[in-house]
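Chemist: So the chains spell out like this:
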Amino acid sequence: MKRWIALFVLIALPLRAEVDITPVTSPSGLEAWLVEERSIPFVSLELIFEGGATLDSDDQAGAVNLMTALLGEGAGDMDAQGFAMRSEELATRLRFDAGRDTVSVSVRFLTENADEVIEHLRLALTEPRFDEDAIARVRAQILAQLRRDALEPNSIASREFARAAFGTHPYGRESNGTAETVAALDRDALVAAHAGAIARDRVFIGAAGDISPEDLGRLLDRLFDGIPDIGAPQVGRAEFLAEPGIEIRPFDGPQSVVAFGHAGIARDDPEFLTAFVVNEIFGGGRFGTRLMQSLRTERGLTYGIGAFLSSGNLGESYQGRLSTDNANVEQVIELLRGEWNRMAREGVTQEELERIQTYLTGAYPLRFDGNGSIASIMASMQYQGFDIDYVNIRNALIEDLTLEEVNSVARRLYDPEALFFVIVGQPVGVN
Amino acid sequence: MFLRYIALAAATTVALMQPLAAEPVTHTQLDNGLDVVVIEDRRAPVVVHMVWYRVGAADEPPLQSGIAHFLEHLMFKGTDTLAPGEFSAIVEANGGRDNAFTSWDYTGYFQRVASDRLELMMEMEADRMQNLAFTDAEWLPERDVILEERGQVLESRVGAQFNEAMMAALFKAHPYGTPIIGWRHEMETLDDDMAMEFYERHYGPNNAILIIAGDVDTDDAIALAQKHYGAIPANENIAEVARPSEPPHLAERRLVFEDARVGTPYVSRMYLVPPRRPGDASEAAALQMLASLLGGSSSTSVLERRLNFDEGIALSAWAGYNGMMRDYGMFSVGVAPVDDVSLPDAEAAMDRVIAEFLEDGVDPEQFERVRRQIRASEIFALDDTQGRARQFGVGLSIGLSVEDVQGWIAALDAVTPEDVILAGERLLDRRASVTGFLTRPQDAELSQ
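As they're listed, the protein sequences go chains A and B.
Everything in the first sequence is counted per this note's numbering, starting at 1 for the first residue and increasing by one.
Everything in the second sequence is counted per this note's numbering, starting at 1001 for the first residue and increasing by one.
Just so you know, these hints were derived from the structure itself, not from any lab.
In this text the structure is predicted, and so the values were computed from the model without any measurement.
All residues carry an ideal CB built from backbone N, CA and C; glycine is no exception.
Among the hints, a few may not be true.
What the hints assert, rightly or not - Far from chain A, by Cβ distances over 10 angstroms, these chain B residues were calculated:
#1 1160
#2 1257
#3 1297
#4 1376
#5 1390
To be verified - Chain A side only, calculated, beta carbon under 10 angstroms to chain B, not exhaustive:
#6 40
#7 81
#8 87
#9 93
#10 97
#11 135
#12 148
#13 154
#14 236
#15 239
#16 243
#17 300
#18 306
#19 338
#20 355
#21 366
With these hints in hand, go ahead and build the complete structure from the sequences.
Modeler: Here it is as structure tokens:
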């Protein structure tokens, strides 16, 4: 044992993410962060358009999602087949994803045909066709997805938690819409959703790979030629409304899914990073957290349990998830309340803090893992409002945290009396 | 417009045909039989360290299904000198991530860490290659964990249960028909002695592959491997487990899996086909090209284009080939029909489209697009060091050589349209297949 302890002490070296970010401003004024990496002849580009499904009206919920799914289904003079064939000829991969808060576009292209790919992507973003046959085909796929979600306990738990947490705010409904609203969407609704969601005033751009700042700026200006300056107005904030207690959704299966949590901490709160560190000790997605130790390692009650700060653009919550046999649910809830109490009353120990500091600072450089992830992080950091030098100071911010600061935030974040549970399953002994 | 595309396409092809800089991969073997593969990628100060054992769920003794995977969990429970959970705790304290995985043919352990922590990872991994030790307080709750895992990832997912039933029907004798995680009633009886016996029979340098990928100097990495793994004596207990092989398949199998939790019914067919063979990838490469043409794209592949776009029968349709297995490969096709099309009709349409494809031959333009994407994927793969490390790990685990793994793109490139049709005609034999319907019971109500 001694050998290992010695090693343990030796390795607490500070690590810095070796990421050299170049801010790029295109001739027309578009801003992007670029990480040049010239050793492999391709580029990853990520665009994040702020707004996403929150821009939908209630009776057209799912419009942004269906619209986004149709961006790769025909553009300019190409129908869906023609567009897909052209993507294959160019050996590029375009991905369009609609989320609750954003529409994101990820593209990967070989250096040798960058111009052609950018023109191809420009057509998708500025001249999507929304052909009736494509609408019908993709709509049927989304309706099938909604039917699957309605029968999937994790999806049910997330949906019910969001509904209780955020009520009638767009955060309280499903981003993909409902069977009724999706069935009712027509081409006009999609054209309007497109005009509202894809605009210059809400875009954040990241790039990584084999391209110079000058070439990137030039390509971006071509890409955005035809994208409107201003999109639909963003909606207001969402307040956390769920009352403490337990909500049960009966579901036939061997296990229950338990979603739990309460109000969270805003992304731009000065204490957000500290809260993030506290949660990493408590329930971050690793083996060594308090929740994993207590429920998995010591008691074998679950395969995995995690907690996360769900801090969105317009509102926030603090949540966790696990699956467990129906017979275990009562014990699990008791244990969760106990862990919550312990955190609120005692906070974390100096040893826990030091360990998480070493882990988080050591793990940070590992995130910058290839062009695709780097481009995505570059866009995401701007969307979340970080300064460009954050990458270089982030580890120092974590290393400087004191036990007093951390435990003051733990007292603020953890409120055992406020815990709200959604249980999807046939839990034994829970009312 | 049309002319311009043709010209561009030609230019793209030419450029992609140029050989890439040789990827720096080195393979050697230590005296104790440990295979060592080093992949240099100096772009970021990160390294992936993996140990793969050439043993998996297909090597389990009777009545002990799931023991390979249970042992994988117990490998984190300590050694003679390391406390339970300390392995992962040390990796975490070093800012690394670690995990493990079990398949039918292999069991793997890996860490991803800053490259200056490589030696520590080696020291710990070499330690648990020979000194595993745990007590009742560790293994008893861990058995509950694997039962919860089965509950969560298999029994709560109707598609996974369906797949389990399909595999059990496809393999009549070979253990690929037994789920990797194990049958629940056998998992409940697994214990520490069984796990230790499996460990002592199968774990050791002479049954393992070490892969180091990332920011390392190859010579330094091999010297470190020699230092930490080279001292471990070969395990004399290790002998390859003889696995049952499949008898002739004379009758196709069919099953209907009904469950009220099915959201989208679909039909799935699995064929028993050859896997990737050492030294000659041509058959596997033809099957892979066949799968790519039939189902490799969600819009332009033959099944999607015909059944979804042209005929409106399918919500989606797919095809896939898994040849990265030691004894048998699997070729699968399937269709999720739209609401008003039945599963028997969807199956008939799927078979008709495949038959027509084999009759009419390959569309040369589609063939060229698929080839172009395969060549480009070689460039994109250079960005994913961990993915490449995994390819070598799987390949060497199932008996391929480093050259076999590196030659895969060239093997795909050498496939002709005629090879594809021939593979489809000769290797997709209905008698060696299982066809399953995943569907809701007729009287089930949607709980919405």
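Chemist: Does each hint fit the structure? Answer for all of them.
Modeler: Results for each hint:
1. 1160: Non-interface label stands for residue 1160 (chain B): nearest chain A Cβ at 12 angstroms, farther than 10 angstroms.
2. 1257: Non-interface label on residue 1257 (chain B) holds, nearest chain A Cβ at 15 angstroms vs cutoff 10 angstroms.
3. 1297: For residue 1297 (chain B), whose nearest Cβ neighbour in chain A is about 6 angstroms away, the distance does not exceed 10 angstroms, so it is violated.
4. 1376: Violated: least Cβ distance 4 angstroms, not greater than 10 angstroms.
5. 1390: holds, 14 angstroms
6. 40: holds, 5 angstroms
7. 81: Nearest chain B Cβ about 6 angstroms off; hint holds.
8. 87: Nearest chain B Cβ about 9 angstroms off; hint holds.
9. 93: holds, 8 angstroms
10. 97: Because about 15 angstroms separates residue 97 (chain A) from the closest Cβ in chain B, which is outside the 10 angstroms limit, the hint is violated.
11. 135: At about 13 angstroms, which exceeds the 10 angstroms cut-off, the nearest Cβ of chain B leaves the hint on residue 135 (chain A) violated.
12. 148: It holds, given that the least Cβ distance between residue 148 (chain A) and chain B is near 3 angstroms, below 10 angstroms.
13. 154: Hint on residue 154 (chain A): holds, closest Cβ of chain B at ~9 angstroms, below 10 angstroms.
14. 236: violated, 30 angstroms
15. 239: Status violated, d = 28 angstroms.
16. 243: violated, 25 angstroms
17. 300: holds, 3 angstroms
18. 306: violated, 13 angstroms
19. 338: It is violated, given that the least Cβ distance between residue 338 (chain A) and chain B is near 18 angstroms, above 10 angstroms.
20. 355: Nearest chain B Cβ about 6 angstroms off; hint holds.
21. 366: At 6 angstroms from the nearest chain B Cβ, residue 366 (chain A) passes the 10 angstroms test, so the hint holds.
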